[in-house]
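S.K.: Residue numbers (our numbering), protein chains in the order written: chain A, 8 to 367; chain B, 3 to 259.
If you are wondering where the hints come from, they were derived from the structure by calculation, not from laboratory data.
Backbone N, C-alpha and C define an ideal beta-carbon position, used for all residues, glycine too.
Each hint should be verified, as a subset may be incorrect.
Quick look at which bits of chain B chain A covers, simulated, 3 or more residues with Cβ under 8 Å [as the list claims (entries may be wrong)]: (1) 42 to 49; (2) 63 to 77; (3) 105 to 112.
Partial list, computed: chain A residues near chain B (C-beta under 10 Å) [said to hold, decoys possible]: (4) Leu60; (5) Ala62; (6) Lys209; (7) Arg214.
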Amino acid sequence: MKAKKVLAKGIEAIAFGALEAGCKCYFGYPITPQNEIPELMARELPKRGGVFLQAESELAAINMVLGACAVGVRAMTSSSSPGISLMCEAFSYIAALELPAVVANVMRGGPGLGGIEASQGDYFQAVKGSGHGDFHFMVLAPHNAQEAYELTAKAFEFAEKYRNPVMILSDAILGQMKEPLILKKLRIKEYNKNDWALTGAKNRPSRIIRSLFLSSQELKERNLKLAKKYKKMKKDIIYENLVNDEDRVIVVAFGSMARIAKDACLNLRKKGYPVGFFRPVTLFPFPVKPIQELIKKAKNPLKFVVPELNCGQMVEDVKLAVNGEASVISLPYPPSVIPFPEELEKEIKKCLSSSSFQKA
Amino acid sequence: MPELFKFPKSLKKTLFHYCPGCHHSIVHRLLCEVIDELNIQEKSVGIASIGCSCFLYFYIDVDILEAPHGRACAAATGIKRAKPELIVFTYQGDGDFAAIGFNESFHSALRGEKITAIMINNTVYGMTGGQLSPTTLPGQKTTTTPEGRDPNFYGYPPRIAEIFAELEGVAFSGRFAVNTPKRVLETKKALKKAFLAQINNLGFGYIEILSACPVNWKLDPVSANKEVDKLTKVFPLGTFKDKVKNILNSEKKGEKP
Chain A
8 MKAKKVLAKG
18 IEAIAFGALE
28 AGCKCYFGYP
38 ITPQNEIPEL
48 MARELPKRGG
58 VFLQAESELA
68 AINMVLGACA
78 VGVRAMTSSS
88 SPGISLMCEA
98 FSYIAALELP
108 AVVANVMRGG
118 PGLGGIEASQ
128 GDYFQAVKGS
138 GHGDFHFMVL
148 APHNAQEAYE
158 LTAKAFEFAE
168 KYRNPVMILS
178 DAILGQMKEP
188 LILKKLRIKE
198 YNKNDWALTG
208 AKNRPSRIIR
218 SLFLSSQELK
228 ERNLKLAKKY
238 KKMKKDIIYE
248 NLVNDEDRVI
258 VVAFGSMARI
268 AKDACLNLRK
278 KGYPVGFFRP
288 VTLFPFPVKP
298 IQELIKKAKN
308 PLKFVVPELN
318 CGQMVEDVKL
328 AVNGEASVIS
338 LPYPPSVIPF
348 PEELEKEIKK
358 CLSSSSFQKA
Chain B
3 MPELFKFPKS
13 LKKTLFHYCP
23 GCHHSIVHRL
33 LCEVIDELNI
43 QEKSVGIASI
53 GCSCFLYFYI
63 DVDILEAPHG
73 RACAAATGIK
83 RAKPELIVFT
93 YQGDGDFAAI
103 GFNESFHSAL
113 RGEKITAIMI
123 NNTVYGMTGG
133 QLSPTTLPGQ
143 KTTTTPEGRD
153 PNFYGYPPRI
163 AEIFAELEGV
173 AFSGRFAVNT
183 PKRVLETKKA
193 LKKAFLAQIN
203 NLGFGYIEIL
213 SACPVNWKLD
223 PVSANKEVDK
233 LTKVFPLGTF
243 KDKVKNILNS
253 EKKGEKP
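Produce the entire structure from the sequences given, and follow the hints as far as they go.
M.R.: Structure, rendered in structure tokens:
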């Protein structure tokens with residue numbers, strides 16, 4: 008059967024992706040600009056034998072997800088920046104309890120109440136600081152509706168594979184823009200949960216899912232176990248690479264900014280400029296090795312240019328990946344009107360002509 | 003001869019870590035007796051909260067999830083909605099249930115979640131060393147109200163069991179104590195009803211149990227046990243809502259509920 012093609016908002020694509028993965032529970036709290044996710048789930052989940060429940064707060068919503076995941080049921084929530092901040096305590100618990108939760112953050116402008124325009128201001132929060140203690144989300148950043156659909160479905164698989172929370176990091180513009188979406192059948196692997204889920208102690212000893220470890224040795228081991236898991240995730244790094252060995256400038260961007268940056272790079276290339284484009288899709292783990300490969304293969308001294316819809320966050324990870332082997336320039340676009348590709352082209356050309364190239 | 007008294011099947015054979023005179027261990031045992039009598043050990047999931055009883059999982063031999071502070075009823079909601087065939091209970095203190103978690107507790111009750119919430123009210127934060135809790139008595143000295151709780155400054159303690167009894171979603175609500183043998187038996191009966199409310203799909207089952215905290219009350223165990231009587235003046239004992247009764251009565255009469 009031919010897959011159905013629909014016109015869908017990016018956030019609807021997230022909801023469709025979750026349904027495709029067999030998500031059984033959605034718990035959430037309204038916040039702009041992601042309300043179409045709960046609204047779609049409220050219509051669709053009960054039809055499929057699932058549960059939709061609007062919680063009294065983001066705190067409650069994410070803890071309901073925590074509960075559902077603990078009994079081995081595929082569950083998710085979605086929110087936008089301020090709501091995600093409220094969930095951070097539970098994120099830490101979910102990671103510590105090793106539960107496979109899926110969370111979508113449709114970022115809006117911050118800090119504080121901020122605004123409802125597109126922003127990538129929660130990069131640090133998603134990748135490095137979504138709660139207390141040494142833990143990480145696996146973070147997936149789609150750049151169009153199709154990818155939002157496929158990555159959200161895949162998020163459920165990753166979450167179970169690593170028994171770790173996975174975040175879909177999107178934003179207001181990606182979320183609210185309507186695009187063609189092919190609802191293709193996806194093969195999402197389901198991992199066995201019978202050896203850890205709380206299903207009642209029938210024909211087996213009772214189980215405990217906890218994160219309190221008062222013996223220091225035990226806690227250390229828990230932390231090392233998680234650290235090992237984060238290392239293992241590197242096997243599933245995803246990125247898009249449009250870089251030639253002759254390029255002199257590489258533009259690194261994610262999410263909606265990557266859409267604009269890619270247009271700018273391809274336009275410049277058509278005009279003969281040596282400009283490449285690189286898009287991290289997994290923001291954690293960050294594609295460090297692929298970036299280092301680009302430097303190794305480069306025939307010219309390189310400059311990395313990092314445009315973002317924030318004051319410069321991912322640029323720090325690019326700098327860490329580049330590790331002093333090339334210069335790195337930040338192009339910050341704090342939440343406001345997003346730039347046109349032409350504006351970016353101008354900035355990239357400026358970088359090409361300036362003399363601050365560092366020998367690779 | 004019939005066996006009159008035995009070690010509950012669902013109570014793990016280990017020593018309690020609780021302080022001498024603390025009432026947690028009595029309630030733990032009652033909880034296990036009820037689980038055994040209702041034959042729900044194999045399908046129960048308990049939610050341990052934050053406080054002295056977070057080690058619930060060392061004693062109660064059922065599947066147990068540890069929830070973040072105050073969020074036990076939200077986590078329980080997630081479990082019950084995801085797998086309605088499970089019997090889900092929370093075990094929380096007054097701080098967890100009525101302060102940091104009041105919103106989650108209240109809204110779970112409002113929605114009539116088919117869960118059982120056990121709230122141990124000892125009027126202080128036990129684990130952190132005896133600070134003011136919402137249920138601290140007027141005039142009661144705690145480490146953060148060294149001159150005693152001043153109602154003009156901190157207001158008055160809430161009577162959760164009475165408040166919850168007013169909510170449509172609540173099927174059973176009552177306040178009990180375990181400082182005399184008679185009260186222990188009454189508490190067990192009520193605890194069973196708080197579970198039957200869930201098992202019969204009637205709604206939210208709430209039971210509040212006044213408990214002694216000798217260490218933080220700075221009393222010896224015997225005096226602390228007597229002190230619970232003083233608590234009953236602010237927190238009257240009794241059943242404030244009981245939809246389970248009708249079911250039990252009709253069962254006795256052999257009618258279909």
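S.K.: Hint by hint, where does the structure go against what was stated? Just the numbers, ascending.
M.R.: No hint contradicted; all consistent.
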